[in-house]
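Chemist: Take a look at the letters that make up each chain.
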Amino acid sequence: MPWNLDDDRPIYLQLMERIQHDIISGVYKPGDKIPSVRDLALDAAVNPNTMQKALSELERAGLVYSQRTSGRFITEDEKMIKKMKMELASEHIRHFFDQMHHLGFSDGETLEMIQETIRGNNNATNT
Amino acid sequence: MLGKLIKYDLKATAKVFLLLHIVYFIICLASRFLFMDRLDFNGDKDLLLAQIIVFSSAMLILFVLVNSGTWLLFTVRFYRNLFSKEGYLTWTLPASGVQHLWAKIISGWILYAVDVIVLSAGIVLLVTGQNVTDAYAAVAAEVTAEFGMPISTFGIYMFVLSFLSGICAVISSYFCVAAGQLFPSHRVIGAVAVYFITSACVQVLTMLILAASGHFSSDYFAGVTAGEGRSVVGYLFEGLWGSILLMFAIAAVQYAVMHFIMKKKINLI
Amino acid sequence: MRPILECQQLTKKYGNFFALSNLNIALDRGQIIGLLGPNGSGKTTLIKLINGLLVPSEGHIMINGMAPGVESKRIVSYLPDRNYLNSSMRVEELLSFYVDFYDNFSMERASKMLDALEIDRRARLHTLSKGTAEKVQLILVMSRDAELYVLDEPIGGVDPAARDYILQTILTNYSENASVLISTHLIAEIENVLDRVIFLQNGQISLNATVDEIRTEYGKSVDTLFREVFRC
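So the sequences go chain by chain: G, E and X.
Under the numbering used here, the first residue of the first sequence carries the number 1, and numbering increases by one thereafter.
Under the numbering used here, the first residue of the second sequence carries the number 1001, and numbering increases by one thereafter.
Under the numbering used here, the first residue of the third sequence carries the number 2001, and numbering increases by one thereafter.
Derived by calculation from the structure, the hints in this document are not laboratory data.
A couple of the hints might just be wrong.
To be verified - Between beta-carbon pairs, the in silico distance windows are:
no.	chain 1	residue 1	chain 2	residue 2	range
1	X	Gly2069	E	Phe1183	47 to 57 Å
2	E	Leu1019	X	Glu2228	58 to 68 Å
3	X	Glu2217	E	Val1192	50 to 60 Å
The beta-carbon is built from N, C-alpha and C at its ideal position, and this holds for glycine as well.
Build the full structure now, drawing on both the sequences and the hints.
Modeler: See the structure below:
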């Protein structure tokens, strides 16, 4: 999967977000071994030092841990991953509501529209 | 390192060099059997003379062509390998400028030496037919007296001399190319200009030395023309030692300048 | 550890024209550094000084603490901005040339890359397409275990696919204590692989910072910043 990096934000931040996302969405399972810095860097076509920095930051945040000889692994603390997932979800929701406010919808109207959309989706899949 | 550099110099020039000299040798071989061996030294003198004059002029042109071809080969190699775009590779090899210089001098001299050997072998091949040696035997004593030595000895002298002067020829052509590099926007014209300036300087220097050592005094020439025991070759050789010394002295100076350029003044465009 | 490259008051003059003036740089090991600047800003001059193809007018340049010379040439692997190889040579002849002269040349690495591209080793360089010939040059340069790779415009004039291949080749082959100095004016394509960029302007350094420093500080890509700084 291409990494699709933006060009106006620090690269290591984007790499962190991307790996974080892969962990939360289950591309990497808890306890999985992460590919080497060099391989990840090659895959993302970025500088290995930048990838190193992103992983170190993730390590500091406790999302990955390294074993001196055998490499880096995803944390086995599923509670933490779950918590992060929730955080990310609520961040998306907040963002979404902000945008709806900009368009001039109240929270109630927005909620109604959401429900309608879900119903529409269900009808579409049923038929 | 020096050995490797020389190896690649020779490799790069080998093809053209071999072709040139094989063609030369085949021409000599053909001339010997198709022309020289059929010369009749007892026949019509005028015809013989005309044949020999035409043939030796043609051969002379051939010698000059083969010799200049060789000269061009190592000079162009020197220029291309060090100062054209190929210089980007050559100058980033882990070798010093002085090593490059010596590699080029030695490989150039090897080409020059082999050239002289092949050219001489061709001449020997041309003049060693039975008819030629017989005809020469008749005048041998006279020629020996005039030259002050047998013609074969004279030939060997000439051979050794061209062999040795080869190194000076190699150095001075490299010198012109290297000095031409000091004029970054006109490298080739620079090299040609350096050539003319140095040859003019050498001639003036030669004149001065000859004048200083009294070679221009009227007594001296009187001695030669009156034939007071001096042979033509004797005169020739007397001047020759001087010019050989001068030649080597000039080559030494040119080498020193080049040594400096290769060490300190390399500025590739 | 001492810097792999150090310039102190480095100046190169051509007549009255200053191609570089009073440059001070120290580059660490293990980095990929972009040398950016418009044409005529002094990029190639600096690169030639590193490789001993030019002599400084003033100041010093040190590679691993040594002035350019036989020892520095052993550890610097240089890709010039032009076809510098004798184009009548065959690929295999070039390989043995590199093996002969550089003891840090890895035949294994070169073979692997040539095989991956299915390049015929019997082919003479001038019979290859321009893009393939450039790849051969890059393969030769990147197959050396050098401490400093100096690549002058490695991605100029090649198509996007070749560009990706070239960047991959650079990323795969440099080792952790080696540095790579890449000069280019095509920044967007290369920005993500760089640690640091040096902007050259009229022979002087106008910026020397890491890519993420620039993005954090200016909130824009190096490419965008470059276009602003060097707007005509």
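Chemist: None of the hints should be skipped; say for each whether it holds.
Modeler: The hints, checked one at a time:
1. Gly2069/X <-> Phe1183/E: 47 to 57 Å: At 25 Å between Cβs, range violated.
2. Leu1019/E <-> Glu2228/X: 58 to 68 Å: holds, 60 Å
3. Glu2217/X <-> Val1192/E: 50 to 60 Å: At 57 Å between Cβs, range holds.
Hint check: a violation occurs at hint 1 only; the rest are consistent with the structure.
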